[in-house]
Structure formats: C-alpha cells, structure tokens
Amino acid sequence: MTTGSQRPPDAAAALDFGDPLSMRSADDTDSGWGERTGSGGASGGSAADAAADLARFLEEKPPHHL
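Numbering (this note's numbering), first residue to last: 795 to 860.
Hints are computed from structural coordinates only; laboratory data are not their basis. Predicted model, so just to flag it, every value in this text is computed and none were measured. By construction, the Cβ of each residue, glycine as well, lies at the ideal position given by its N, Cα and C atoms. Just to be clear, a hint being listed does not mean it is correct.
Have a look at the derived ranges for each label pair, beta carbon to beta carbon [as the list claims (entries may be wrong)]:
#1 Glu853 to Ala805: 48 to 54 Å
#2 Pro814 to Asp847: 25 to 31 Å
#3 Arg818 to Glu853: 22 to 28 Å
#4 Phe811 to Asp843: 22 to 28 Å
#5 Asp847 to Ala808: 52 to 58 Å
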C-alpha cells in the first residue's frame, strides 16, 4: 500500500500525443520527392530542376509501371 508521499508519478502526464509521422525517424536519411536542399525549396524549383526530377523519376520507376 502506498501513502500520499510514496505515490508513483502520474503515468498520464508522460503520454505524448504528438504526431509521429510529422517527424523524421532516426534512420530516415534520404530525401523524398520535393524535398530539396538549398535555396530552391520544394515549390520554388526552376525548369532545370523539374527536368532533372522527371529524368530521375523515369530512371527509377520500375518497367512494369511505364
């Protein structure tokens, strides 16, 4: 039996209701589509960036998806 001073910490206070999918995992080191490093940003790419993205997409897509 526990008394008032010997109670364990409140378990509900330790719950984390954050969205786990909004953060990168410890092993997520690759960049996905649209995640650019540098000044371009995801939506501010140039035509050359768009052409490079298309070329990358066509090279990486498996043949049964063409």
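Next item on the list: Could you work out which earlier hints the structure fails to respect and list their numbers in ascending sequence?
Entry: 4, 5
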